[in-house]
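**Q** So the sequence lines, in the order shown, correspond to chains Z, E and R.
Quick note on numbering: this note's numbering labels position 164 of the first sequence as 168, and the sequence is numbered without any gaps.
Quick note on numbering: this note's numbering labels position 101 of the second sequence as 640, and the sequence is numbered without any gaps.
Quick note on numbering: this note's numbering labels position 331 of the third sequence as 334, and the sequence is numbered without any gaps.
Hint data in this document are derived by calculation from the structure and do not stem from the laboratory.
Please note that a few of the clues may not be correct.
As the list claims (entries may be wrong) - Listed next, with one range per pair, are the computed distances between beta-carbon atoms:
no., chain 1, residue 1, chain 2, residue 2, range
1, Z, Glu-165, R, Lys-214, 25 to 33 Å
2, R, Glu-39, Z, Thr-9, 44 to 52 Å
3, E, Gly-641, Z, Pro-143, 49 to 57 Å
4, Z, Pro-143, R, Glu-291, 35 to 43 Å
5, Z, Lys-50, E, Gly-641, 40 to 48 Å
6, E, Gln-645, R, Met-258, 28 to 36 Å
As the list claims (entries may be wrong) - DMTMM-like cross-link-like pairs, simulated, lysine to aspartate or glutamate; straight-line CA separation at most 25 Å:
no., chain 1, residue 1, chain 2, residue 2
7, R, Lys-220, Z, Glu-133
8, Z, Lys-113, Z, Glu-34
9, R, Lys-414, R, Asp-36
10, Z, Lys-163, R, Glu-314
11, R, Lys-220, Z, Glu-6
12, Z, Lys-39, R, Asp-184
13, R, Lys-252, Z, Glu-66
14, Z, Lys-50, R, Glu-314
15, Z, Lys-106, R, Asp-36
16, Z, Lys-109, R, Glu-335
Source: prediction; values computed, not measured.
Beta carbons: idealized from backbone N, C-alpha and C, even for Gly.
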Amino acid sequence: MELQTPEKIIDSFKTALGDGVINAKIYEREVAVKKNKFRSLWVEVKKSAFRDAVEHICHLQEYPHLAIISSSDLGAEVELIYHFTIYYGHHLEELSLGLRVKVPKSDLKIPTITDLIHGAVFTEREIQEMMGVEVVGIPDKRRLFLPEDFPEGVYPWRKDEKGPPDDMLRVLPGREQK
Amino acid sequence: MSLKAFKRALWVYHLNTGSCNGCDIEILAVLTPRYDVERFGIMLVGSPRHADVLLVTGPVVKQMVLRVKRIYEQIPDPKLVVVVGSCGIEGGVFYESYSLAGPVDQIIPVDVYVPGCPPRPEAIIEAVVKAWVKLEKAEQGVR
Amino acid sequence: MIQEETKKATYTIPVGPIHPALKEPIRLALTVDGEEIVDVDIFAGQVHRGIEWLGMNRNNPIQTMYLAERICGICNICHPFAYALAVEQAAGITPPPRADYIRTIAAEMERIHSHLLWAGVAAHEIGFDTIFYLAWRVREEIMDLIEYVTGNRVTKAIFQIGGVRRDITEEQFPRIRQSLDYYKSLFDQLKKVFLDDKTIQMRTRNVGILKTEDALKLLTCGPSGRASGVPKDVRQDQPYAAYADLNIKAMTPDMVTGTVVGDVYDRIIVRLLEVKQSIEIIEQCLEEMPPGPILAQPKTAVLLKALTQAEGEGVGRAEAPRGEVIHYVRLEAGQSTLATWKVRAPTYVNLMSVPTILKGMQIADVPIAFASLDPCMSCTNRMVITDRVLGKKSIMSYAEMRHLSLKKTEKLRR
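Using the sequences and the hints given, assemble the complete structure.
**A** In structure tokens, the structure reads:
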């Protein structure tokens, strides 16, 4: 497997996905005394090009490591970032790749990637129960962390009306309710 | 409080209701040769039916409420409850979370509180000894 | 596959969630066919305290540092470490080099303490309580050292965004070196006790095997992944803090035995090798410690104001004793709390390999196979395993399962 530079990887994304790539940037930082430089990639794709993007990452490396899917509530849409790492096992060569996709709240669905990466099932279940994103085709729909009797339609990470209501919060006596 | 008052060994059952494990590893450290609580006859048992004292750690997470009650009922009388760590006293760092069901004393009656995050092993030993003395006094009918 | 469904009954065994030996509430329900485990299912959520919600809605970024510490009491340094790296990347703060070295020393001390803790618990699951007490007695030396350097045994509170809060001065070096020499002299003995003992070999060899390909597919990380032949270590691949100056190599079991099997014995090897590696890393850091300040911004009020007005996002990755910890932080200008915070602990991914490890095992091997992954449930939010029931339902408590484990050891010893 040939280790490509970050610039080449971004070019390969643009070649494979065409205008599915919205933007891409490379972030660089220097560490400690010897000031080694480490770079990480952030690529934003359209929802329609999302599955192709994940397949492209699987071509870059045979078993890419999906660390977690993080989700942010941006008002009218939810931004999902799939944190991948590739080229692990090589000294100083690992690259972090953040694949960003924005999903509008009016159509809060995203296709599953568990057929490409088996280990994605836990994190997809988590965004389903915590953010309310429906993952289409997920093999296991159950809740992961919240108890079975947690009310439906309440999503803890949301900042809008679907977040936990005030009467679910356990406030200390004498402390004013926020 | 003298050692002559201890007429028998004290068996302790440890219950984790969702803590971060800081208090739990300090409770286990109390058993190890450095602090060595077993020389006083205090022993950790595997079943609540053999226990005299219940050591509870952690803020009670909603899923654990029924289990806490069930374990409390399984311990035979006379029994005492010791809450270890600030989480069980008033939620600790997690006080406003949506997944907490209240501090331990809203679910089962508590006798000794050990504040700290986590408390030192010496504080835990002192708490169990205080509970012991309370139990002995209760058995002798002295309040 | 289950043949003769009418003749062979499958039992569901729920175990837990109260664990008599230690630690986190965990409930296992295994589908067994006689003595052999057929299938395992995973639920989670009993230590769920809503920490990410608290960080996003209640705390300011500096208070969240101390909340992150209490995600887990055993991996107490790696969560603040990854969080600080993420916030520093988001806000554009660079810690001074001396702080990087002190952070590395604290992280390696935590690794030693965590692996010794695990060694004791693993021995306890097999039935060697003597080794349990021995390992934890030996661990007290590093706990004393941690208290000497940071001020507390368990929740150390040494991290701050932009650096560390306490310095390690030259006068403290001899005491640190004294503890490290103690561990170096003990290391051969530890190796003999764990690796050369025949009963431990019989209980752990070829038990709980995770093949390399499964480990790659299921995203296993940390010592469990390295023991299965995946040489993945954040300190080697994408170093942070002082690891970038040192040359770290991921420890794999073929350094001792020559082959990689991926069973419990290999995981013991990897963890013991890492203890030795940690001792060497601390010594190197002490020798190469650069002079200078320890905080990028010593005044907390100024730091808080800068963070409230910063805008950006950052990813922080650290190598915990159990694997890779990753924090994602997003800051928005004008917001006093974090806009987004996502935490992923290593046990989150390592749990997915539990069904593969336990299939085909006997019930008596479940405690040691499960404990060999070094699960830290409070980092993950617990796991519950249930399953389908085809025949009679039988309930076995964890104490009974552990009793089976002890009986197996006695049988092997005879």
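**Q** If a hint holds in the structure, say so; if it doesn't, say that too.
**A** Hints and how they fare:
no. : hint                                 : in the structure
1   : Z:Glu-165 with R:Lys-214: 25 to 33 Å : violated, 48 Å
2   : R:Glu-39 with Z:Thr-9: 44 to 52 Å    : holds, 50 Å
3   : E:Gly-641 with Z:Pro-143: 49 to 57 Å : violated, 37 Å
4   : Z:Pro-143 with R:Glu-291: 35 to 43 Å : violated, 50 Å
5   : Z:Lys-50 with E:Gly-641: 40 to 48 Å  : holds, 46 Å
6   : E:Gln-645 with R:Met-258: 28 to 36 Å : violated, 53 Å
7   : R:Lys-220 with Z:Glu-133             : holds, 24 Å
8   : Z:Lys-113 with Z:Glu-34              : violated, 38 Å
9   : R:Lys-414 with R:Asp-36              : holds, 22 Å
10  : Z:Lys-163 with R:Glu-314             : holds, 18 Å
11  : R:Lys-220 with Z:Glu-6               : holds, 20 Å
12  : Z:Lys-39 with R:Asp-184              : violated, 31 Å
13  : R:Lys-252 with Z:Glu-66              : holds, 22 Å
14  : Z:Lys-50 with R:Glu-314              : holds, 24 Å
15  : Z:Lys-106 with R:Asp-36              : violated, 47 Å
16  : Z:Lys-109 with R:Glu-335             : holds, 21 Å
In this structure, the earlier hints numbered 1, 3, 4, 6, 8, 12, 15 are contradicted, and the remaining ones agree with it.
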